[in-house]
Amino acid sequence: MPGYKTIQANEITSLKPCDGVILDVRTSMEHDEKQLGCRHAHIPLDQLNPTDFMLRHGLDKDAHVYILCRTGKRAAQAAEQFAAKGYGNTHVIEGGIVACEDCGQRVAGHAVSATAGPRHKSRISLERQVRIAAGFLAFTGALLALTINPLLALVPLFVGGGLVFAGVTDICGMALILTKAPWNKVDEDK
Amino acid sequence: MTTQKPDVRGFYDTTTATWTYVVWADGNADKRCAVIDSVLDYDIHSGRSTTVSADRVIDFIKGKGLEVQWILETHVHADHLTAAAYIKEKLGGTTGISRHILKVLETWQPIFHNEDDTPIDGSQFGHLFADDEAFSIGPVEAQIIHTPGHTPADTTYIIGDAAFVGDAMFLPDIGTGRCDFPGGSAEDSFRSTRKLLALPGAVRMYVGHDYPPEGKRDAACMATVAEQKKANMRVHEGISREDFVARRKRDDDGKPVPKLLLPSLQVNLRAGSFGKALHGVQYIKIPLNKI
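Just so you know, the sequences run in chain order A and B. Quick note on numbering: the working numbering labels position 169 of the first sequence as 171, and the sequence is numbered without any gaps. Quick note on numbering: the working numbering labels position 168 of the second sequence as 165, and the sequence is numbered without any gaps.
Since the hints were made in silico from the structure, they are not lab data. Don't take each hint at face value.
Below, computed lysine to any residue pairings styled on SDA-like, alpha-carbon distance capped at 25 Å [unchecked claim]:
| hint | chain 1 | residue 1 | chain 2 | residue 2 |
| --- | --- | --- | --- | --- |
| 1 | B | K273 | B | G60 |
| 2 | B | K87 | A | D64 |
| 3 | A | K87 | B | K226 |
| 4 | B | K59 | B | S133 |
| 5 | A | K63 | B | K273 |
| 6 | B | K273 | B | Y39 |
| 7 | A | K63 | B | G198 |
| 8 | B | K85 | B | G60 |
| 9 | A | K87 | B | A216 |
| 10 | A | K182 | B | G212 |
| 11 | B | K28 | A | L61 |
| 12 | B | K2 | A | H59 |
| 13 | A | K87 | B | D23 |
| 14 | A | K63 | B | D4 |
| 15 | B | K227 | A | Q49 |
| 16 | B | K227 | A | H59 |
| 17 | A | K63 | B | E130 |
| 18 | A | K63 | B | A217 |
| 19 | B | K226 | B | L258 |
| 20 | B | K28 | B | E86 |
| 21 | A | K182 | B | K213 |
| 22 | A | K87 | B | T0 |
| 23 | A | K7 | B | D56 |
| 24 | B | K213 | A | L50 |
| 25 | B | K213 | A | L61 |
| 26 | B | K213 | A | K7 |
| 27 | B | K61 | A | A86 |
Per the computed footprint, the stretches of chain A lying under chain B, defined by three or more beta-carbons under 8 Å from a beta-carbon of chain B, are [claimed, not checked]:
| hint | region |
| --- | --- |
| 28 | 36 to 45 |
| 29 | 58 to 69 |
Glycine residues also receive a C-beta, built at the ideal position from the N, C-alpha and C atoms.
From just these sequences and the hints, can you work out the full model?
What follows is the structure, encoded as structure tokens:
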């Protein structure tokens, strides 16, 4: 039994501003690419401290927190952290930013529209980076296995297995590694 | 300064970027609370006031079963109207502000000529706090500190381990309040921030406004004293008085007057009342060529 509640993505437009706060727990890069068009807070899951977050936003223990990520997995982990600290009105936005976009909620960010500036247009999305990196590793591993040593076939085997795992669990290790890359650091002075 | 940790609920008004706070001792049988820096919604174009923001605070207080003991102002605001009179009418409580408001009343009376409905002795407020006066909110010990600079009457309320600083300081990336209003002083502001930064590092400092840089972060209301000391862009440790004053004056030079300045001051000097009616209609005066 989870210690949190869920709400549908199409319900967030009816939230009153003082009901609480919407919290996005995706990485800074994902947030920079695509984000809710309404007021919300953003703290990556690996930096989240629920008590500290609530204090800094003037929220008491009964305040409502509506959490989203890309599809809902990380939001659920974040919600469990809030629940463990005794915050009883924690909600996961089902389907995350993907569902929000699908149901017509306003989203912003450089991956969304032509309104972004030149700096943003030059950045490759995280999903494309994962495809490029996985494809490169699989192609190179297979090529080397055919020409140098058959044992190098383990590389594309590992990459393929990782992609299946990411698809099933929605946890992508390669994406997590890529978000740490220097070219993916979000410019905090924007 | 006590180690009591009161609960704080903040309400952010996006129109005026103002934080209103409700402060109480959670889990205690004593349900008395304070409301700090409330907001009355006012449309300058139509001259119409509404109570949407204040009603949210009132609903919260009722929902929690709290009893309003104090309705406090950190200063006479120039950017929003206080809802103190409305909240007092609905929920009771004593309105309070620093006794230094008397200077502000003296400053503005020759401009507004409001002596008919704005007593110059400050009696429109339930209580005028003396410097360093101790008081309490239910079981939580509290004290005021005079922190002028933004205006001559700016006050910080220390409530348990939380400090409500009004416009004396903002969050670290925003800095401190402007000092170009009548009676304001960059020198006083620097001295006041030093008083605040001398508080224990773990004290939670709650600000009166937040102006979050667009797309960078959402509005927040609290940073610890230790964080302010380390990172406040105007007054972090190592900034000299001379540097602060020079930068403050440079930044305030030519700054536009807040759009709600004239309505705000008149109403806030009356503790949130709109004053005497004429033929059943209340008015806001606009003095010409005086500001």
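Okay, the hints, checked on the actual structure:
1. Between K273 of chain B and G60 of chain B the CA atoms are separated by roughly 34 Å; this puts the pair beyond 25 Å, and the hint is violated.
2. Straight-line distance between C-alpha atoms of K87 of chain B and D64 of chain A comes to about 23 Å, which keeps the hinted pair within the 25 Å bound.
3. Of the pairs offered as hints, the one joining K87 of chain A and K226 of chain B is violated, with about 29 Å between alpha carbons and a cut-off of 25 Å exceeded.
4. Straight-line distance between C-alpha atoms of K59 of chain B and S133 of chain B comes to about 21 Å, which keeps the hinted pair within the 25 Å bound.
5. Among the hinted pairs, K63 of chain A with K273 of chain B is inconsistent with the structure: their alpha-carbon atoms are about 42 Å apart, more than 25 Å.
6. Restraint check for K273 of chain B and Y39 of chain B: the C-alpha separation of about 18 Å stays at or below 25 Å, so the hint holds.
7. About 24 Å separates the Cα atoms of K63 of chain A and G198 of chain B, which keeps this hinted pair within 25 Å; it holds.
8. Proximity of K85 of chain B to G60 of chain B is assessed by CA-CA distance (about 17 Å); at most 25 Å being required, the pair is judged to hold.
9. Between K87 of chain A and A216 of chain B the CA atoms are separated by roughly 23 Å; this keeps the pair inside 25 Å, and the hint holds.
10. Note on K182 of chain A and G212 of chain B: the hinted pairing holds, with a Cα-Cα distance of about 21 Å set against a maximum of 25 Å.
11. Restraint check for K28 of chain B and L61 of chain A: satisfied, since their Cα atoms lie roughly 18 Å apart, inside the 25 Å limit.
12. The hinted pair formed by K2 of chain B and H59 of chain A meets the criterion: a straight-line CA distance of about 16 Å does not exceed 25 Å.
13. This hinted pair checks out: K87 of chain A and D23 of chain B have alpha carbons roughly 16 Å apart, not beyond 25 Å.
14. This hinted pair checks out: K63 of chain A and D4 of chain B have alpha carbons roughly 9 Å apart, not beyond 25 Å.
15. As the CA atoms of K227 of chain B and Q49 of chain A are separated by approximately 20 Å, the hinted pair is consistent with the 25 Å bound.
16. For a cut-off of 25 Å, the pair hint linking K227 of chain B to H59 of chain A stands: about 20 Å separates their Cα positions.
17. With a CA separation close to 31 Å, the supplied pair K63 of chain A and E130 of chain B exceeds the 25 Å bound.
18. Under the criterion of a C-alpha separation no larger than 25 Å, the hint pairing K63 of chain A with A217 of chain B is consistent with the structure, at around 16 Å.
19. Proposed proximity of K226 of chain B and L258 of chain B is contradicted: the alpha carbons are some 31 Å apart, above 25 Å.
20. With a CA separation close to 19 Å, the supplied pair K28 of chain B and E86 of chain B stays within the 25 Å bound.
21. Taking the CA atoms of K182 of chain A and K213 of chain B, the gap is about 19 Å. The hint holds against a cut of 25 Å.
22. Of the supplied pair hints, the one linking K87 of chain A and T0 of chain B holds, its CA atoms being roughly 21 Å apart against a limit of 25 Å.
23. At most 25 Å may separate the alpha-carbon atoms for a hinted pair to count; K7 of chain A and D56 of chain B meet this at roughly 23 Å.
24. In summary, the hint linking K213 of chain B to L50 of chain A is supported, as the alpha carbons are separated by about 17 Å, within the 25 Å threshold.
25. Distance restraint check for K213 of chain B and L61 of chain A: the Cα-Cα separation of roughly 20 Å lies within the 25 Å cut-off, and the hinted pair is therefore satisfied.
26. Taken as a hint, the K213 of chain B and K7 of chain A pair is broken in the structure, with Cα atoms around 28 Å apart against an allowance of 25 Å.
27. The suggested pairing of K61 of chain B with A86 of chain A holds, with an alpha-carbon distance near 22 Å, which does not exceed 25 Å.
28. Requiring three or more residues with a Cβ within less than 8 Å of a Cβ of chain B, the coverage given for the region 36 to 45 of chain A holds, as 4 such residues are present.
29. Coverage of the region 58 to 69 of chain A by chain B holds [criterion: at least 3 residues with CB-CB distance below 8 Å; count 8].
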